[in-house]
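In the working numbering, the protein residues as written are 37 to 391.
Among the clues, some could well be false.
Stated by the list, open to error - Listed next, the in silico DSS-like pairs over lysine-lysine satisfying Cα-Cα at most 25 Å (straight line): (1) K341 - K175; (2) K340 - K179; (3) K44 - K137; (4) K332 - K135; (5) K332 - K175; (6) K175 - K46; (7) K172 - K126; (8) K46 - K126; (9) K332 - K223; (10) K341 - K70; (11) K126 - K179; (12) K223 - K340; (13) K137 - K126; (14) K175 - K126; (15) K126 - K255; (16) K177 - K44; (17) K44 - K135; (18) K44 - K126; (19) K137 - K338; (20) K177 - K126; (21) K137 - K179.
Hints in this document: simulated from the structure, not taken from any laboratory. Since the model is a prediction, treat every value here as computed from it, not as a measurement.
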Amino acid sequence: MNNLTITKSKFIFFSFSFLGLIAAICSSYVLPKKYFSDALTIIHNPWNLKGVVGGFQLSIFFYSITGMRWMPFSLVALIQYPILIYILTKIGIPSNFDKVKVNNLLMYASFFVIGIFISMQTKEFITFIFCAILVKLIKNKNKEYVFRNRIIICLMILLYSYIFREYYYLVLILSIFISILSYCNLKLNSFLIIIYGLIMIILISCGHNMVKHGYLSDKTRTELNERRLDDPKIKEESRSAIIPPLPTNTWYGDAVSIIYGFMVVNIPITSIFSASPQVSLFSIWQLTLFFCLSLKFDQILKVKKNNNIRWAYYITFSFFIVQGLFEPDLGSSIRHKAGIFPLIYFILFYDDKEK
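From just these sequences and the hints, can you work out the full model?
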């Protein structure tokens, strides 16, 4: 009976994977051009970027050496999507994946999210592979290697920040900060950790302003959205742009912008009632995902074990907090979540994986 149940779970897993693959292949024929803006930059390199240090630079190099840079989007999807699914199977297929549970329903929808947002030449494909390596290290429960793997995880994020995405410096700082908090004799829950994390990011942004004269949310989200909204060709495609309620050139405006950004990209309650059906659906997915992960985080904070499982939560929630700082719009926030999905998948099903 157990074998039958596991087989049914695998059948459901691969059935939704197949449907996600179809969505990935067809996405370039039905989705608007804004979904492929990064892909077009990687293909055409309009700024003549060179080298391998930098998000677009490394992506251009990667897709050039693999030969996928000039392939049609549908062919890239046919190559990339099965690789992503294979990675998830190596993390583990839950033994109860055929049951009607919130986590499972979230994952059913996630197959399509991954298919839509990582079905073309994109930086998120590289991020996905990177996060899968982190999960591999996190899963290792050998007590002899716990501290060593923790150091390797931190060094990998540090290198990734330098070579590929600078904002991961903040993810690393927050992850270490949350780790230190967990060792203190404090009664922590996911809500308190988010509050402490937001305060830390606001302080870092204020420190950045004192050193380099500019608040972080002003230099990332605000300046980017101002350029996009000033361009009539892009303005119509930026309807989900995150516009903070206050100017971001003051410390309190920056603080409000960070908190507001965090709420919009992780707890998008108002976006559920959007006139755009896809915005409503993606908002429901993000909201449900955030609360499921928060409940999981609360559970694991109560357990004191000498392993690195908590680091999946530290990194993921640090990323969510940092999203409040830099995400320009809802679409980008979902695409970036798709990039770190190995961590999210591991958290969602950590207790239910096949052995």
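Do the hints match the structure? See the list:
1. Pair hint K341 plus K175 holds up; C-alpha atoms about 13 Å apart against a cutoff of 25 Å.
2. Between K340 and K179, the direct Cα distance comes to roughly 14 Å. Compliance with the 25 Å bound is thereby established for this hinted pair.
3. Restraint check for K44 and K137: satisfied, since their Cα atoms lie roughly 15 Å apart, inside the 25 Å limit.
4. Distance restraint check for K332 and K135: the Cα-Cα separation of roughly 18 Å lies within the 25 Å cut-off, and the hinted pair is therefore satisfied.
5. Straight-line distance between C-alpha atoms of K332 and K175 comes to about 16 Å, which keeps the hinted pair within the 25 Å bound.
6. Of the supplied pair hints, the one linking K175 and K46 holds, its CA atoms being roughly 21 Å apart against a limit of 25 Å.
7. At most 25 Å may separate the alpha-carbon atoms for a hinted pair to count; K172 and K126 meet this at roughly 9 Å.
8. With a C-alpha separation of about 13 Å, the suggested pairing of K46 with K126 holds against the 25 Å cut-off.
9. A distance of roughly 16 Å separates the Cα atoms of K332 and K223; the hinted pair therefore holds under the 25 Å criterion.
10. About 45 Å separates the Cα atoms of K341 and K70, which puts this hinted pair outside 25 Å; it is violated.
11. Of the supplied pair hints, the one linking K126 and K179 holds, its CA atoms being roughly 22 Å apart against a limit of 25 Å.
12. Of the pairs offered as hints, the one joining K223 and K340 holds, with about 13 Å between alpha carbons and a cut-off of 25 Å not exceeded.
13. For the suggested pair K137 and K126, the alpha carbons sit about 22 Å apart, so the restraint of at most 25 Å is met.
14. Our distance criterion of 25 Å between C-alpha atoms is met by K175 and K126, whose separation comes to about 11 Å.
15. Annotation: proposed proximity of K126 to K255 is violated, straight-line Cα distance about 39 Å (limit 25 Å).
16. Under the criterion of a C-alpha separation no larger than 25 Å, the hint pairing K177 with K44 is inconsistent with the structure, at around 29 Å.
17. For the hint pairing K44 with K135, the CA-to-CA distance comes to about 10 Å; that is within 25 Å, so the pair holds.
18. For the proposed pair K44 and K126, the alpha carbon gap of about 18 Å is at most 25 Å, so the pair holds.
19. This hinted pair checks out: K137 and K338 have alpha carbons roughly 23 Å apart, not beyond 25 Å.
20. For the proposed pair K177 and K126, the alpha carbon gap of about 16 Å is at most 25 Å, so the pair holds.
21. About 33 Å separates the Cα atoms of K137 and K179, which puts this hinted pair outside 25 Å; it is violated.
Consistency note: the structure conflicts with the earlier hints numbered 10, 15, 16 and 21.
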